[in-house]
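Engineer: Keeping the supplied structure of chain A fixed, place chains B and C upon it in accordance with the hints.
Protein chains in written order, with the working numbering: chain A, 1 to 400; chain B, 1001 to 1094; chain C, 2001 to 2327.
Hints were generated in silico from the structure; no laboratory data involved.
Don't be surprised by glycine CBs; every beta carbon is placed ideally from N, CA and C.
Fair warning: there could be bad hints in the mix.
As the list claims (entries may be wrong) - Not the full set, but computed from the structure, chain C residues with beta-carbon under 10 Å of chain A:
(1) 2113
(2) 2116
(3) 2120
(4) 2250
(5) 2307
Said to hold, decoys possible - The calculated DSBU-like cross-link candidates involving lysine-lysine, where the alpha carbons are at most 30 Å apart (straight line), are:
(6) 56/A with 1079/B
(7) 2275/C with 2200/C
(8) 53/A with 1083/B
(9) 53/A with 110/A
(10) 29/A with 1083/B
(11) 2245/C with 29/A
(12) 190/A with 56/A
To be verified - Quick list of simulated restraints, FRET-style, between CB atoms:
(13) 304/A with 2130/C: 30 to 38 Å
(14) 2009/C with 239/A: 54 to 62 Å
(15) 1078/B with 2199/C: 51 to 59 Å
(16) 2015/C with 367/A: 30 to 38 Å
(17) 304/A with 2003/C: 51 to 59 Å
(18) 218/A with 1023/B: 44 to 52 Å
(19) 315/A with 1076/B: 42 to 50 Å
(20) 2283/C with 114/A: 51 to 59 Å
(21) 1023/B with 291/A: 24 to 32 Å
(22) 1012/B with 163/A: 50 to 58 Å
(23) 1055/B with 291/A: 16 to 24 Å
(24) 2086/C with 163/A: 38 to 46 Å
(25) 1023/B with 2283/C: 21 to 29 Å
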Amino acid sequence: MKNPEDGKINDKTENSSINASDLKTITDKIFRTNQDLASGVVKIIETLWKNIKSKKNIERIRIMNFCGTHEWTTTRYGLRSLLPEGIELIAGPGCPVCITPSYYVEVAIKLSLEGLRVYTYGDAYRLPALKEIEGVRSLAEAKTIGGDVSVVYSLLNAIKDAQQNRKKSVFFAVGFETTYPIYALAILKKILPENFTFIVSGRLTPPSAEYAISKIGKIDGVIGPGHVSSIIGGKAWSFLPEKYNIPTVISGFEPIDVLISVAEILRQIDEGDARVVIEYTRATSWDGNELAKKVIREVFDVVDAAWRGIGFIPNSGYKLKEENSKLDAFDVYGFKEPNFNEWRYDLLPGCKCGEVILGKIKPTNCPLFLTKCTPTTPYGPCMVSTEGTCSIWARFSRLR
Amino acid sequence: MCLGTYGRVVKIQEYKCWIDFGGVIEEAISVVEDLSIGDYVIVHAGVVISKLSKEEFLDSFKYLYEIKRKLVEEGEQSKEELKKLESIFKLLID
Amino acid sequence: MNRLLEEFIFKRLPNWMKLVNGGLGIDYPDDAAAIPIGEKYLVITTDSYTVTPIFFRGGDIGKLAASGTINDVLMLGGTPIAALDSIVVEEGLEEDVFEKILNSMFDIFKVNGVSLIGGDFKVMPRGQLDKIIITTVGIGIAEQLIADKNLKPGDKIIVSGNIAEHGITIYAEQKGFLEKSDLRSDVRPLIDLMIPLFKKYKNEIHAASDPTRGGLAATLNYWASISNTAIVVEEEKVPVRDVVKNYCEVLGLDPFNLASEGVAVLGVKSEVAEKILEDVHSIGYEDAEIIGEVREKESASLVIARTSVGGYRIIEPPVGEIVPRIC
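Just chain A, with the same shape it has in the complex:
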């Protein structure tokens, strides 16, 4: 563990290296499928929780994750069903698709119908816009009426395809800090084909985390996003303990990673401690990926940006720098991003995705959840993305 006081920690794993050569198999064996270990960690959690309850006379704590993949792990492996009563794991603004403002989707649909090829990750393919464009609300629907939409897994896929068909094309670049270095690198290395532009809807996680906390009040612990932190570093989260006194653990994405992180948060609460601890040491450092941070700085400015259903959050979005404006689909095709005063609430009437995203309510508190809004007929953005809290809850977690 990388934290100032870990010098005293000394145990069996200190000098032992891993014998087996395949880290992937080892990950599986240790962090994903080891039921003995899982129940061992749960036992620790139970004891700590018992201590905390009697010591502090509380019945409930709330631990928030800021990463949709943590929410996915939590529900996918049924972690809530393993934790004792009173420890609530809640999902914060961790899904880059759910918070992508509607007007980006509207522009993407328009461009696809005007004959440009729009590349999108599968995640944003069915994301609904607020306004209908020629009778359709999503890129998936646009495709059924002749829009040119191509689902890709990576920017590299899109570049290859665009080189072959030579059409004007747009990449719908949703994502957080993890997904953005590649766009910067591709631009700097000049590997983009001609007439290739981006819808830049990238967002930054720490500002939104701070915003969420300011809106919902005291959180007892934070499970920090491992892969985002691989880029921005663990230190980007130090405002949580320093300013808000919140124990924060940067966690890996296997079920046992998340359980260990919960245990560490409980330990901090129990001992009245609050600091950033990196549980995901195998992939994340205190400083992060310097190259990735550097290329992003060279290509993008950080600006105030809108979050769907929430509004503007200061310094929370990427925008291409002036000299790269010929790669910005908004500039090239004459669209204007709404500013603070022009921004309008962009959820359909009755949709509570904004509150779900901020962790203010659970999906089950929304009257539309699994009634009017289901995975087959999604009404709000959180039901669309595989990573959206509502979608995850609908698919996995009716058990608790």
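Structural biologist: Here is chains B and C on its own, set in the frame of chain A:
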């Protein structure tokens, strides 16, 4: 956010590299400096975002072990429990 | 799709039209339909096959059509005896391509003793369909039907082999991701497996299906709903090859949702489950496993998986087009 998959670098060519995800090889671009063949990496949306550190692989458990040791010291959990955890670790390392 | 079927077909037909008395029809839609004839049943199935690309690793559309037809008859307890085919091709399809497809279809029928007793052939103008569509009718005789609605609490669920092989291969073919992997479709007829099992366990096999479209998730959910039960699966027991698991992980797909074309799922009496599993192994399906069991339904019919760390999750039937995800 940010699904990441573990794989091993098998080929590097200019800015591109090829990653073996256990029987499936895919092209990727790296934003990690000094990548070498044989490195284990995390790939997100076709991008190498981080190298996996072999040395720190089991560090996640240091804290866990420490918490456990303390609980045993304080008499909250039994010594057998600690031994059980130790034997799990041993199994993992061997 | 289910909504369309429900709205435009099932809801509009009076009950008597959904089956022939004493048989099985779309009153309880199964892999095939059945009409009682004397002491036995005539088992009939029909299906249209389209796939892109038409030639894929491990097979082609001809092999897929013949195997699928045979398997659908088998999964209702029938011994396949005959088939009919109706083929529509797009104008301009090369003759040798056509020949190759027909040959692989005929080969499968030939090897499995299924006569091809009728058919139809049409050509449509270029651009009006994608290369070729094969529609088949499969016919078989059953002494006893295996209707999935008969699944009972206490039954064990057996899967005959590694799942998701066909689905992931087609997906990889379409996306051009197949380079240097040993993915291949598992498409094959399951006569060698199912006929001996029927003979030996005709009263003990309560349900059988091949988890094609929608994969194991769709099959188990359908079973649970049609038999009014709940199904609990041990996730770690479900056989999935590592390469398939890894590939799914890269693309953010769930193997439970991907099609198999050469796997049988069986719901069997628990007392003989181990014995049946041994037999399945000895017939040559060595990857077969008992993956879970059927329970009394408590609330809504559900398929639940016990995960690798001991937690529980719900397995939902898959929805819509399968797309890769990055988050």
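Engineer: Next step is simple, just say for each hint if it's right about the structure.
Structural biologist: Hints versus structure:
1. 2113: The hint is violated - residue 2113/C has no Cβ within 10 Å of chain A, the shortest such distance being about 42 Å.
2. 2116: Check failed: Cβ of residue 2116/C comes no nearer than 37 Å to chain A, outside 10 Å.
3. 2120: Since chain A brings no Cβ nearer than about 30 Å to residue 2120/C, farther than 10 Å, the hint is violated.
4. 2250: holds (8 Å)
5. 2307: Because about 4 Å separates residue 2307/C from the closest Cβ in chain A, which is inside the 10 Å limit, the hint holds.
6. 56/A with 1079/B: holds (26 Å)
7. 2275/C with 2200/C: holds (11 Å)
8. 53/A with 1083/B: The given pair, whose Cα atoms are some 27 Å apart, holds under the 30 Å limit.
9. 53/A with 110/A: Since the Cα atoms of residue 53/A and residue 110/A sit roughly 55 Å apart, the hinted pair is violated (cutoff 30 Å).
10. 29/A with 1083/B: holds (20 Å)
11. 2245/C with 29/A: Distance of about 14 Å is within 30 Å: holds.
12. 190/A with 56/A: The hint is violated at about 58 Å.
13. 304/A with 2130/C: 30 to 38 Å: Violated, at about 48 Å.
14. 2009/C with 239/A: 54 to 62 Å: holds (59 Å)
15. 1078/B with 2199/C: 51 to 59 Å: Taking Cβ atoms as reference, residue 1078/B and residue 2199/C lie about 56 Å apart, which means the hint holds.
16. 2015/C with 367/A: 30 to 38 Å: holds (36 Å)
17. 304/A with 2003/C: 51 to 59 Å: Given a distance of about 43 Å, which is not inside 51 to 59 Å, the answer is violated.
18. 218/A with 1023/B: 44 to 52 Å: For residue 218/A and residue 1023/B the Cβ distance comes to about 47 Å; the hint holds.
19. 315/A with 1076/B: 42 to 50 Å: Since residue 315/A and residue 1076/B have Cβ atoms about 44 Å apart, the given range 42 to 50 Å holds.
20. 2283/C with 114/A: 51 to 59 Å: holds (58 Å)
21. 1023/B with 291/A: 24 to 32 Å: holds (29 Å)
22. 1012/B with 163/A: 50 to 58 Å: Given a distance of about 21 Å, which is not inside 50 to 58 Å, the answer is violated.
23. 1055/B with 291/A: 16 to 24 Å: holds (21 Å)
24. 2086/C with 163/A: 38 to 46 Å: holds (41 Å)
25. 1023/B with 2283/C: 21 to 29 Å: holds (27 Å)
Figure legend: structure checked against the earlier numbered hints; hints not met, in rising order: 1, 2, 3, 9, 12, 13, 17 and 22.
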